[in-house]
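Q: Protein chains in written order, with this note's numbering: chain B, 61 to 323; chain C, 7 to 255.
Since the hints were derived computationally from the structure, they do not count as laboratory data. A quick note: this is a predicted structure, and the numbers were derived from the prediction, not measured. A hint or two may mislead.
Unchecked claim - Calculated lysine to any residue pairs in the SDA-like style (CA-CA distance at most 25 angstroms, straight line): (1) B/Lys127 x B/Asn270; (2) C/Lys58 x B/Lys127; (3) C/Lys254 x B/Gln202; (4) C/Lys139 x B/Lys127.
Claimed, not checked - Label pairs and their in silico Cβ distance ranges: (5) C/Ile246 x B/Gln168: 39 to 45 angstroms; (6) C/Leu41 x B/Gly124: 33 to 39 angstroms; (7) C/Ile199 x B/Lys82: 55 to 61 angstroms; (8) B/Asp89 x C/Val125: 38 to 44 angstroms; (9) B/Arg176 x C/Ile219: 37 to 43 angstroms; (10) B/Glu287 x C/Val252: 18 to 24 angstroms; (11) B/Gln168 x C/Lys160: 43 to 49 angstroms; (12) C/Ala33 x B/Ser185: 56 to 62 angstroms; (13) B/Glu188 x C/Lys160: 45 to 51 angstroms; (14) B/Ser78 x C/Lys160: 24 to 30 angstroms.
The beta-carbon is built from N, C-alpha and C at its ideal position, and this holds for glycine as well.
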Amino acid sequence: MIHHVENPALEIHDLTVSYDKKPVLWGVDLTIPNGALCGIIGPNGAGKSTLIKSIMDLIPLNSGYVKIFDKELDEIRKKISYVPQRESVDWDFPASVLDVVMMGRYSQLGLFKRLRKADRDAALSALEMVGMEKYAKRQIAQLSGGQQQRVFLARALTQNPEIYFLDEPFAGVDAATEKAIIQILKNLSEEGKTIIAVHHDLQSVETYFNWVIMLNLRLVASGPTSEVFTPQFLEETYGGKLTLLSEVGELVKERGFHAREKQ
Amino acid sequence: MIGDAISHSVLPGIVIAFLLVGSLESAWMIIGAGLLGVLTTFLIEFFHQKGKLQTDASIGVTFTWLFALGVILVTYYAGNAHIDQDCILHGEIAYVPIDLMYDDAGNAIGPKAVIVLSVVLVVILLFIGIFYKELFITTFDPDFANAIGISSSKWHYLLMGLVSLTTVASFESVGAILVVALLIAPASAAYLITQDLKWMLLLSSFFGIVSSILGYWLSYLLDGSIAGAMVTISGVIFGICYLVTVLKK
């Protein structure tokens with residue numbers, strides 16, 4: 061089931077992406093409403109990160125197009141933020157927390173311009189939002205996984221974008237960080253920002269997201285969580301993956317779907 | 007490792023530039039070497055991404071092949087007194103004061119290596135000074151840089167172009183092999199003892215200068231190779247920095 065909306069924040073049309081001639085995303089066609097807090101779920105290798113990367117134009121598309129607020133990516137880059145997977149960078153790199161967070165301001169600066177006090181202030185207030193203001197001077201090599209993720213989120217916040225793309229923001233973070241991050245994302249969503257995040261933990265999907273994209277090489281479902289996060293689509297998404305299937309089974313049992321199916 | 011590769015693979019560029027222009031004019035050799043340096047970087051990336059080769063394998067294949075080509079070219083034209091293996095592989099810093107550069111009227115204006123390297127120094131300082139933030143972001147997080155519209159591959163090639171420039175400008179003095187040590191050892195030593203990028207840049211320059219000065223006096227005392235002594239000192243500095251970091255822990 062693919063739920064389309066009018067005037068979407070994100071529109072993906074007939075997107076196909078492949079590595080080595082092997083398709084990893086096949087004919088994805090979806091729209092996401094403005095202000096949605098959207099989770100992308102699916103088994104490992106389903107193309108979740110690939111979807112985000114192809115939206116950000118980091119990998120070439122075989123077919124299709126992506127529009128954000130009805131514009132091409134290059135026209136609207138300054139309104140978009142991207143939070144890559146935490147493991148994608150070398151955290152031993154010689155930089156302070158503040159250095160990394162201020163990178164979020166580079167897009168607005170352009171060539172030949174230097175960082176100013178305003179950029180520093182923006183970075184500091186973003187750090188405050190994620191509860192990391194005390195760590196501004198700290199070297200990034202000394203951070204824990206959860207703190208690294210907060211720094212990445214703070215960097216995105218300094219861009220003050222309209223739409224956020226987050227690649228596994230909850231992977232390997234502590235419970236307190238997960239709670240803090242989802243609260244920030246919910247607040248942003250209430251301010252009308254659109255948020256799209258790759259997510260792994262099926263248990264928390266319903267409490268975190270109001271829109272869900274279910275992916276397994278092709279698009280299984282996209283729509284409001286209450287409509288598409290159902291046993292039928294979960295099985296269709298995770299079907300055949302044994303370990304994940306049992307996880308889904310647990311979930312189904314927990315929520316008492318059996319009873320309803322018998323009726 | 008890419009610095010290592012570039013320092014070797016610029017060799018055919020130097021030789022080809024020499025064969026085309028017919029003189030050892032520094033400007034042409036720098037251009038030839040610079041082009042080969044960028045080509046090396048490009049080939050390494052190409053084999054890595056399109057050929058699915060690991061980075062180290064890709065580096066290994068690219069630079070040895072280009073270096074071999076350079077060696078063949080050098081030995082084939084070995085009849086010429088000005089360009090031979092020894093000079094390219096080992097360099098000779100002692101000749102710097104007698105290899106003068108002349109102005110149009112024929113007056114000596116200074117040692118050629120000093121002038122060429124000063125120009126390179128100014129170019130590099132300006133480049134790092136002006137584009138510090140672009141270099142910083144594309145090195146740390148290329149995906150994020152690309153996402154906000156700063157092309158990481160463009161900056162990578164510019165940076166590698168400058169590495170080639172530095173390498174070829176220095177090889178006449180210290181040779182293509184030892185220049186690698188001077189590219190890497192001072193920077194590695196600085197990396198061990200500081201975690202601040204700006205300090206690291208300053209410290210590695212400082213270590214480089216100390217290695218040169220102490221190395222010169224060491225070779226004077228031992229009556230040995232100057233370049234060899236300089237690299238020995240930079241190795242000793244690296245060793246001291248390593249010990250300091252180990253003892254701290």
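Q: For the hint 37 to 43 angstroms, verify it against the beta carbon of B/Arg176 and that of C/Ile219.
A: holds, 39 angstroms
Q: Starting from the hint 43 to 49 angstroms, judge whether the C-beta atoms of B/Gln168 and C/Lys160 obey it.
A: Given a distance of about 19 angstroms, which is not inside 43 to 49 angstroms, the answer is violated.
Q: Against the 25 angstroms threshold, does the CA-CA distance of B/Lys127 and B/Asn270 hold or violate the hint?
A: Since the Cα atoms of B/Lys127 and B/Asn270 sit roughly 21 angstroms apart, the hinted pair holds (cutoff 25 angstroms).
Q: Is 56 to 62 angstroms respected by the C-beta to C-beta distance linking C/Ala33 and B/Ser185?
A: violated, 51 angstroms
Q: Measuring from beta carbon to beta carbon, are C/Ile199 and B/Lys82 in 55 to 61 angstroms?
A: Violated, since C/Ile199 and B/Lys82 (Cβ atoms, about 46 angstroms apart) do not stay within the stated range.
Q: Between B/Asp89 and C/Val125, does the beta-carbon spacing fit 38 to 44 angstroms?
A: violated, 56 angstroms
Q: Tell me if the beta carbons of B/Ser78 and C/Lys160 are separated by a distance inside 24 to 30 angstroms.
A: The hinted range 24 to 30 angstroms holds for B/Ser78 and C/Lys160, with Cβ atoms some 25 angstroms apart.
Q: Just tell me: holds or violated, for the beta carbon distance of C/Ile246 and B/Gln168 against 39 to 45 angstroms?
A: Check passed, 43 angstroms falls within 39 to 45 angstroms.
Q: Okay, C/Leu41 versus B/Gly124 on CB: inside 33 to 39 angstroms?
A: The hinted range 33 to 39 angstroms holds for C/Leu41 and B/Gly124, with Cβ atoms some 38 angstroms apart.
Q: Are B/Glu188 and C/Lys160 spaced within 45 to 51 angstroms by their CB atoms?
A: violated, 34 angstroms
Q: When you check the alpha-carbon spacing of C/Lys254 and B/Gln202, does it fall within 25 angstroms?
A: It holds: about 16 angstroms lies between the C-alpha atoms, which stays within 25 angstroms.
Q: Is it true that B/Glu287 and C/Val252 lie within 18 to 24 angstroms of each other by Cβ?
A: Check failed, 60 angstroms falls outside 18 to 24 angstroms.
Going down the numbered hints, you'll see the structure goes against 2, 4, 7, 8, 10, 11, 12, 13, while the others check out.
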